[in-house]
Amino acid sequence: MKRTLGTCYYPEHWPEDQWGEDARRMVEAGLTWVRIGEFAWSRLEPVRGAYDFAWLDRAIAVLGGAGLRVVLGTPTATPPRWMLDRHPDMLALDEQGRARKFGSRRHYCFSHEGYRAECALIVEQLAERYGKNPHVAAWQTDNEYGCHDTALSYSDAARIGFQVWLRDRFSGDIAALNTAWGNVFWSMEYDDFAQIDLPNLTVTEANPAHCLAFRRYTSDAVVSFNRLQVDILRAHTDRPLTHNYMGRITDFDHFAVGDDLDIASWDSYPLGFLEDRVGADAARQRIYAQTGDPDFQAFHHDLYRAVGRGRWWVMEQQPGPVNWAPYNPEPLPGMVRLWTWEAFAHGAEAVCYFRWRQAPMAQEQLHAGMLRPDSKDAPAIIEAREVARELADAGDVAPAQAPVGLIFDYDADAAWQVQPHGATLSYFGLVFEQYRALRSLGLSVDILPPTVRDFTGYAVVLAPGMMHMPQDLKNALAQSEAHVVLGPRSGARDAHMNIPLPLPPDYPDLDVTVARIESLRPDMPRDLADGGRIINYREIIEGTADVVLRCAKGSAIAMHAGTGTYVAAWLDLEGWQNILRPLIQNAGIETIDLPDGVRIRDTGAERFWFNFTQEPHQIGAHHLAPISVLRQPR
Amino acid sequence: MKRTLGTCYYPEHWPEDQWGEDARRMVEAGLTWVRIGEFAWSRLEPVRGAYDFAWLDRAIAVLGGAGLRVVLGTPTATPPRWMLDRHPDMLALDEQGRARKFGSRRHYCFSHEGYRAECALIVEQLAERYGKNPHVAAWQTDNEYGCHDTALSYSDAARIGFQVWLRDRFSGDIAALNTAWGNVFWSMEYDDFAQIDLPNLTVTEANPAHCLAFRRYTSDAVVSFNRLQVDILRAHTDRPLTHNYMGRITDFDHFAVGDDLDIASWDSYPLGFLEDRVGADAARQRIYAQTGDPDFQAFHHDLYRAVGRGRWWVMEQQPGPVNWAPYNPEPLPGMVRLWTWEAFAHGAEAVCYFRWRQAPMAQEQLHAGMLRPDSKDAPAIIEAREVARELADAGDVAPAQAPVGLIFDYDADAAWQVQPHGATLSYFGLVFEQYRALRSLGLSVDILPPTVRDFTGYAVVLAPGMMHMPQDLKNALAQSEAHVVLGPRSGARDAHMNIPLPLPPDYPDLDVTVARIESLRPDMPRDLADGGRIINYREIIEGTADVVLRCAKGSAIAMHAGTGTYVAAWLDLEGWQNILRPLIQNAGIETIDLPDGVRIRDTGAERFWFNFTQEPHQIGAHHLAPISVLRQPR
Amino acid sequence: MKRTLGTCYYPEHWPEDQWGEDARRMVEAGLTWVRIGEFAWSRLEPVRGAYDFAWLDRAIAVLGGAGLRVVLGTPTATPPRWMLDRHPDMLALDEQGRARKFGSRRHYCFSHEGYRAECALIVEQLAERYGKNPHVAAWQTDNEYGCHDTALSYSDAARIGFQVWLRDRFSGDIAALNTAWGNVFWSMEYDDFAQIDLPNLTVTEANPAHCLAFRRYTSDAVVSFNRLQVDILRAHTDRPLTHNYMGRITDFDHFAVGDDLDIASWDSYPLGFLEDRVGADAARQRIYAQTGDPDFQAFHHDLYRAVGRGRWWVMEQQPGPVNWAPYNPEPLPGMVRLWTWEAFAHGAEAVCYFRWRQAPMAQEQLHAGMLRPDSKDAPAIIEAREVARELADAGDVAPAQAPVGLIFDYDADAAWQVQPHGATLSYFGLVFEQYRALRSLGLSVDILPPTVRDFTGYAVVLAPGMMHMPQDLKNALAQSEAHVVLGPRSGARDAHMNIPLPLPPDYPDLDVTVARIESLRPDMPRDLADGGRIINYREIIEGTADVVLRCAKGSAIAMHAGTGTYVAAWLDLEGWQNILRPLIQNAGIETIDLPDGVRIRDTGAERFWFNFTQEPHQIGAHHLAPISVLRQPR
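Chains as they are written, first to last, in the working numbering: chain H, 1 to 634; chain A, 1 to 634; chain G, 1 to 634.
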């Protein structure tokens, strides 16, 4: 499959006589894809039941006629104002119990049955009309599920949905729920599922079992909301279906949503993310303020390759400053090209720039486009043209399994959010920092869903912080040929968020027991014996396995037996490198110590080098210019 | 007109047999004015419709009989408790949707028609009774509109008022509103004005056009609330009318309110403001903790001179520690005198100290007065007496036009609040920092309303950050003899908060175009080529005008043609000085580089030097003692 | 009375066949006490009115049969879910007006009459059944009144209760209330008690008199809630009654609650408190992160000795990491023993560890126990066994009056909260820092309730920050033989929160007047003339008394006459030492300058030395090992 480029376009925002010229310039710039329609509900159905598809017919004809392939979005992220008159209670409620009002987007509760039915109607109309349209080459459901903290809702619809879900899960046996959740603890026992409220606004923290169940319910609600649209679309089209996930949104299981789709895609805003959600400290934010964090996009690329079971896109690529972060600087020259190539290096089939022309109105006026508001070239289109020229002789997408697998489990992320134990702790952060360490050793990484049981081909598999590890996963890992690295907190909870007996990790043939734990203030890291430090969190472990890492004061930090290693702490980068480097080398994999900001990614055919820094780097025989991409055959 | 002193007094707080002695001591201290009545509604109308003016008659007689001139306040900032029984929905709602309850003051929504009618009744009573009273020499409407964040209200009354206002503005054409606001953007289109809610509690940010319209509506609501009282008062009195604005409240257009009044006045609390709203960094807050920021009061003095079209007062002058800032230190000895003279230097007709005697009860117990609670002299009365003695031979108010005009536009402030683009950006901050730079060059400044079109007499006019610049303003500036300094962000939006075409600034005979913008982290300033730095925000500009300032890396930061200069960035103090100093000198105006904390102000007759620092300064032939005022004939 | 140990146990959390073994191991570890029942309401009354005491009968029989003495808790901190169906309005409302929902604990409003009646029923049942049970040796009412900010409620029940309370206090005379509160200030006068709302959500701060009255009402509501249970229990049992107060909860008067009980007890979590509520700066938090603040527990020990009129326990002692602080590190080895001995040194009769076995479920999974979840020994039981062995020959509780008394007044704490004047000011903080200074001088301290009038035996009595000092207290102090240290802010308000005349402190035979006050930024401390600094707050004082402390610039900071000394500032540790050391020595009391982290406590029979640091210390002839307790006969 060819590597391709695209953009996001809103014909409804522009005079119809501009569409043709826009399409021509898209093709001229080397774009293949144009995504449209996902916010246009008020133009598609201006009055309830009175559809207006004529303009969209013409827009698709103009775009398709110019040679572009259309990705058509369902408009369910932006219900029109009349929808609220029909369904006043469709709004989500925030954790404080306040209705989240009309006036922007995503103003709906995933649990609201009435709204779901409305979505089914509009999707049915679109699918019928465009399912076999020759220009419509792919479909996108909704837009950025969970963005703006919209997955979790504390509405009546969510409460009732949650009760039904629980009744189903516990087969109507409220005593079973009370036992599973340990509700005897503070006399929190229920007599009936109808008594169970949502776990917000409690006097002190709610039962973590209660909270985790609500997060699982929420995830299932998103999955079923998406599936409703998928089922309708499938009945009318054989084109691939995708959804554009937003970076570092973990409030629902992307793997589960992805299982119903053909292609995963995500929206990559490196500079906005650095300011807003990477979690880097101020010094690091300053260094990478105009390039983005060198591992954050890569992590998501690898994640969505897994979510898409190999097929994935960047549906929205930052083209210049965004409008929504605390500070919104310009990318350095060359970064739009670098980000694009980075996505291809990680296996993307397509990279689409958001958006074609900067909007002069409404919420995203200060979000750059490929064109300025006056239709002149913005820097992004110039770099996109350069990539398009390079792609002409760059070869196809070249899949290859990485030597290292890293399990990412949305359920574990939820469990950590429910019970972090320390103010600086998050599952995403832990996994991401291990990922960074792997990448700093020159490795390509496959992110794996928690449901994988076949680890063939991986020399090393890591499952840090996976709070609940089903027994069959433990068995599959132990029986695989991979060297397995667990901990901290792996297997620390049973399926209902209770501490299991025997105590964790309870991993086959690895005699290690977590006797107790502690979380650490940021100003009290603890030195490891041979370089690096423990930060954030540590466990005190016991057992007969070999100690392979100690803290400076002598106690065991990692233990090893057979193919299993348990790491009983959150380490800093040097610490992770020190435990992982020899382990990976022993597994027969070469490592390369890379400077911060320099990264390697291998495909089946190529090795890519990326330099995110403003300085040149010499690594062995390779000279990397500042802000550069180096592509070699492999 | 003589420069005069006064105080704020609450006869209703004290035993009647104390009034005479208080009045005698006021006169003895050299005071001319006494403001009374503005919080006394519960005593003026203890039961709805049953008025009690006898005590006020006697108070005015005692005070006036002692030789004082009374400023009588309408009591509408403090509706009595019975008002809520009549109008339970009169309370404003905060942005979170919570009613702002009775129990302090300003507990009303400007949009509430029922409350407005009640205000009209009490003002009518007061105006009838005292409009021609010989001792009542001026009137104050309400008290500190907007203080405690009370301008913006999210009540039903405000929502309905907003809908009516919009319907009127768009002549009932909802499609016109949808177009003007770009509501197609996220399917935010309305079918009817009655669907338009207030822009709070939306899922993500509301449409900036929606937000700005609501702020404009709010401003108009304040203006009309005030006008209602003005119209009643005018029918009964020919005494001047004023309102006492609060420092750095920008939620409504003070110029528009001021247009209905005769004198502007404001409440100056230099130490409270430094802690609470100047926006200085911690180091600067520490330096000026006991003197106040050396430019903040001056800025407001110049602002309210403009609001009052030349006639203005300090209605409340801080006399000692206040009670409401995070920290409330004492002013240094001499500061009360310095602040008073500074007001006169900027053209004040009167300075009134708040308050006469420190209250032993209720919310402001820890707010100093001219007297202690035990009626002994507090430091303020001693310094006031000194000023009174100095005034005896100090000459009259001596108006003079300044060489430099600086436009301040409340609507631009609203636009920046709606769409700051960076966490550290505010219009007030930008204008204030330019003002500081001008003052650091020894200049006196006139602040100008955005409605001015005649710039005769100004050598230089600045209009930084004025988001919407009407074409006739641009023309008037370009055709004036003044050198005009625009930017950043001047003319960046059309009247409805959209990016205009051609792109800004679109200023006559100045070929400069803002191609794009970026906001900057506080830790990533950028050096200018010749000293000073870019902070907070910058624009990338194009055009054929002459580049007069560059950043160290070479790109244009300011461009000039004819009499116009556009500055494409927010600069630090040194940066502003470096661009403004030669420009002002070229306009034929002398500059003097002043140390931080030393300031000059010229009137028609005098030059004043103020030293806010605890060190002496020698500037040319002038020796400035620590914390001092130097007054010279000019 | 012997010094004894105990633990907190939840038979309802564990299989019944485990109870016997647990009891055996408790006895084996040297424990005397086992507290049970306080969260078990849903098991005692699973359906309204259908009680199930059989399991509790058996649990008490098993525990008592093993030789343990049972403390039985009333379960009113955890009303079952069915209670909400009966009393939907029983929930407290938070300051934002949001109902605090079911799903954790303490979900009730102290003012709700319906809930009080339900509590009376369950307490009556328990008292009848177990009042004379030979194994039930003590009773605990409810659990941690006020924890999780649950004392103050803004519910309708609280509003109505407050109105009734005010009507009673002011004998139905609303004019008297208006006068006492100074409601004329902003026309806040009421016509009827039914108009008085709770002082939350006002536009700006509510009247401090209003706020303080509401806090007093709240305190009285807690006292009467507790008294309801006490009265029922007294009718059925002669065993001692206690309540387990939580550290640094000051929202009600613990002395007043304690007056109805026989023994005070409190819950001591040194590491959690250090993170969460000591108020130490980051550097200090880091130093003591694994030991707790060296004075915080001691302060509470002395406080609850006063609350219990000599009889007090630690009902819950931290045994390892807790789950609820921002960071939750492990105590250093030896700290559980040290904390236990420290409690005994301050006169505790018993120290009970919370909890016996770490819970694998619900909210406190990550709260350590004496046993791990798998029932193996956790570190705490090992250190508890060591203490038990030491206790065998350690002698009995040996009461002794301390040479120094320090008044702690919950009402003053409320007054400071209502009107702090500076962001860093709190009454608790002021008293605690004076306490720390006294302890750093090697002194043992008695904390005294504000109601004490007989100061016989005290060489020195301190009453810092006591906002309202009744005249008979001033007289009693002045007539005592103690040297009395007042200030800052002592006597600064009358009984209704007004500034009194004459101005404070108005203390017999001490001619000192607080002329004015100021609060200070943290970055602007002021040097004292002879070492130490003024921080946070200072007063300007006048009078003829002798100046005994000056600031470096010369103004008086402390004045002295006869036996009275007034300190007009908040000082740092060195400052307090410098004023207190000579004063105490002059009173004939020996002082020892102790390093930070080393403390002395004398009982009637022993002198204890505690070293909270990880370094050894030599003090005179005494060698203190790191983290150690040294016990000597006295």
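Just so you know, not all the hints are guaranteed correct.
Unchecked claim - Example chain H residues on the side facing chain A (calculated, C-beta under 7 Å, incomplete):
hint : residue
1    : PRO80
2    : ARG98
3    : ARG100
4    : GLY103
5    : HIS148
6    : ALA289
7    : ARG305
8    : ASN328
9    : LEU332
10   : ALA362
11   : GLN363
12   : ASP374
13   : ASP377
14   : GLY588
15   : THR591
16   : LEU594
Unchecked claim - Below 25 Å or equal to it, Euclidean Cα-Cα: the simulated DSS-like pairs (lysine-lysine) are:
hint : chain 1 : residue 1 : chain 2 : residue 2
17   : A       : LYS101    : H       : LYS101
18   : A       : LYS101    : G       : LYS132
19   : H       : LYS101    : G       : LYS553
Quick caveat, the hints were computed from the structure, so don't treat them as lab data.
Because the structure is a prediction, the values reported are computed rather than measured.
For each residue, glycine too, the CB sits at the ideal point set by N, CA and C.
Hint by hint, here is what the structure shows:
The beta carbon of PRO80/H comes within 5 Å of a beta carbon in chain A, closer than 7 Å, and the hint placing it at the interface holds. Here the hint on ARG98/H is kept, as its CB sits about 6 Å from the closest CB of chain A, short of 7 Å. For ARG100/H, the interface hint holds, the least distance from its beta-carbon to any beta-carbon of chain A being 5 Å, beneath 7 Å. A hinted interface residue such as GLY103/H counts as satisfied when its beta carbon comes closer than 7 Å to some beta carbon of chain A; here the least separation is about 4 Å, so the hint holds.
At about 4 Å, the closest approach between the beta carbon of HIS148/H and any beta carbon in chain A falls short of 7 Å, and the interface hint on this residue holds. Given the 7 Å rule on beta carbons, the hint for ALA289/H holds: about 6 Å separates it from the nearest Cβ of chain A. A distance limit of 7 Å between C-beta atoms decides the matter here; for ARG305/H the minimum to chain A is near 28 Å, and the interface restraint is violated. Hint status for ASN328/H relative to chain A: holds, with the closest Cβ pair at about 5 Å, below 7 Å.
Annotation: interface hint on LEU332/H violated; nearest CB of chain A at approximately 11 Å, more than 7 Å. Because the closest C-beta pair between ALA362/H and chain A is about 3 Å apart, less than 7 Å, the hint holds. Evaluation of the GLN363/H hint against chain A yields a held restraint, the C-beta minimum of about 6 Å falling below 7 Å. Hint on ASP374/H holds. Least Cβ distance to chain A is approximately 5 Å, under the 7 Å limit.
A cut of 7 Å between beta carbons decides the hint on ASP377/H: the least distance to chain A is about 10 Å, and the hint is violated. Because the beta carbon of GLY588/H sits about 44 Å from the nearest beta carbon in chain A, more than 7 Å, this interface hint is broken. This hint is violated: THR591/H has a C-beta 33 Å from the nearest C-beta of chain A, more than the 7 Å allowed. Annotation: LEU594/H was flagged as interfacial toward chain A, and the flag is violated, the nearest CB pair being 25 Å apart, outside 7 Å.
Of the pairs offered as hints, the one joining LYS101/A and LYS101/H holds, with about 24 Å between alpha carbons and a cut-off of 25 Å not exceeded. Only pairs whose Cα atoms come within 25 Å are accepted, and LYS101/A paired with LYS132/G is rejected, the gap being roughly 52 Å. Pair hint LYS101/H plus LYS553/G does not hold up; C-alpha atoms about 59 Å apart against a cutoff of 25 Å.
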